[in-house]
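Student: Sequence:
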Amino acid sequence: MKNNLDEGCIKVASTISKKLKKAGATVVAANCDCDYADYKISANKIYTNKELYNAISESNGDILYIPFASNTLGSAVRTFNLVRKTGSKINVLFSLRWNMNCLTKWLLKASKCRVITISQESYEFFKKEIPGVAVHNVQVGVDTSKFKPVSEDQKKALKEKYGLPLDKTVVLHVGHLKHGRNIDVFLDIDDDTYAVLVFSAVTEKDLDLKRELEKKKNIKIIEDYVPNIEEIYQAADIYVFPIVAENNSIDVPLSVLEAAGTNCKIISTKYKEIAYFDDAEGFHRVSNEEMNNLQGIINEVSKETSVNTSIIAEKYDWAKALNDLKEIIR
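Going by my numbering, the first residue of the sequence shown is number 44, and it counts up by one from there.
You can take every hint at face value.
Computed beta-carbon distance windows for the label pairs:
| hint | residue 1 | residue 2 | range |
| --- | --- | --- | --- |
| 1 | Glu167 | Ile265 | 31 to 39 Å |
| 2 | Glu332 | Asn92 | 45 to 53 Å |
| 3 | Glu255 | Glu370 | 46 to 54 Å |
| 4 | Cys75 | Glu101 | 14 to 22 Å |
| 5 | Ser345 | Asn366 | 36 to 44 Å |
Using 25 Å as the maximum straight-line C-alpha spacing, the simulated SDA-like pairs for lysine to any residue come out as follows:
| hint | residue 1 | residue 2 |
| --- | --- | --- |
| 6 | Lys155 | Glu172 |
| 7 | Lys369 | Asp78 |
| 8 | Lys65 | Pro270 |
| 9 | Lys248 | Glu50 |
| 10 | Lys62 | Asp105 |
| 11 | Lys93 | Val120 |
| 12 | Lys358 | Asn271 |
| 13 | Lys83 | Asp105 |
| 14 | Lys313 | Ile232 |
| 15 | Lys211 | Glu195 |
| 16 | Lys61 | Val178 |
| 17 | Lys358 | Phe168 |
| 18 | Lys346 | Tyr205 |
| 19 | Lys155 | Ser131 |
| 20 | Lys189 | Ala66 |
| 21 | Lys358 | Thr187 |
| 22 | Lys189 | Val269 |
| 23 | Lys64 | Ile109 |
| 24 | Lys253 | Asn290 |
| 25 | Lys155 | Phe168 |
| 26 | Lys346 | Ile232 |
| 27 | Lys202 | Ile262 |
| 28 | Lys171 | Asn290 |
| 29 | Lys155 | Asn366 |
| 30 | Lys202 | Glu274 |
| 31 | Lys358 | Ala318 |
| 32 | Lys363 | Phe168 |
| 33 | Lys189 | Ala323 |
| 34 | Lys88 | Lys128 |
Simulated from the structure, these hints should not be mistaken for lab results. Ideal Cβ placement from N, Cα and C applies to all residues, glycine included.
Please build the complete structure, drawing on both the sequences and the hints.
Tutor: Set out below in structure tokens:
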């Protein structure tokens, strides 16, 4: 849980914890800097600290645990220990998923936890892998009051504000700078296209790939945290999500939802929850192979005049997600 929300797992954990705190929940931050937490605990790797359980025992009710590592063996051990030491019902939210060994499955079953997922694919995975464990799915998460459409005049003003060309198609990607996210596809864009790549300030970067991208005059790299990131989305003409490989993003890529909230045209692979998004004008799901012809797709999409991607974001609004989450915990 951090203040700089430029990474998916961090954004999910921070948004949920802030909103639940406003609704009366106690926030315990284990091993992370969090200025809004009620308790900041330096916990060991398996959560056996007396200080941690003292903090938890100050409040009544169920526990919502959001492990950054998601459904690893370590997270399962911590879930089990939280139950054993507190006697509380544990709800554990996994923002992505890994294959689990027998011990991980046993620990989750033995903890009698509820598993909360954020994608239909992961929901079906956990239902199959740990039968008998209650599994729920919550659709998260975009703030549609913040990520919202702007007029053409406002879009032009935002392009000027961020030094973006008015005579080129501006495409955007927000995420991590590493080969696993298929960022290499931006190396082949033509001069008529201008790419803005906003990379997370909290994750390790692929420096070789960065040097290759920096050679392109029509690519702008932003590495610093951008407080008003919605303005970058609103300035863009097309949002591109090229990820192919598993576990290079959380189950529901929040950047795609944020782009949809601004009614931006979207070109995306069918990565995880994206495969379940509604169809909408201006929203293009492409195969992994088609993404290799990114410039050709951009050329076609840029000609379109009708866009209605904001309807995708409506189902994943944070207000709805938090209501659903509170109902599950109740």
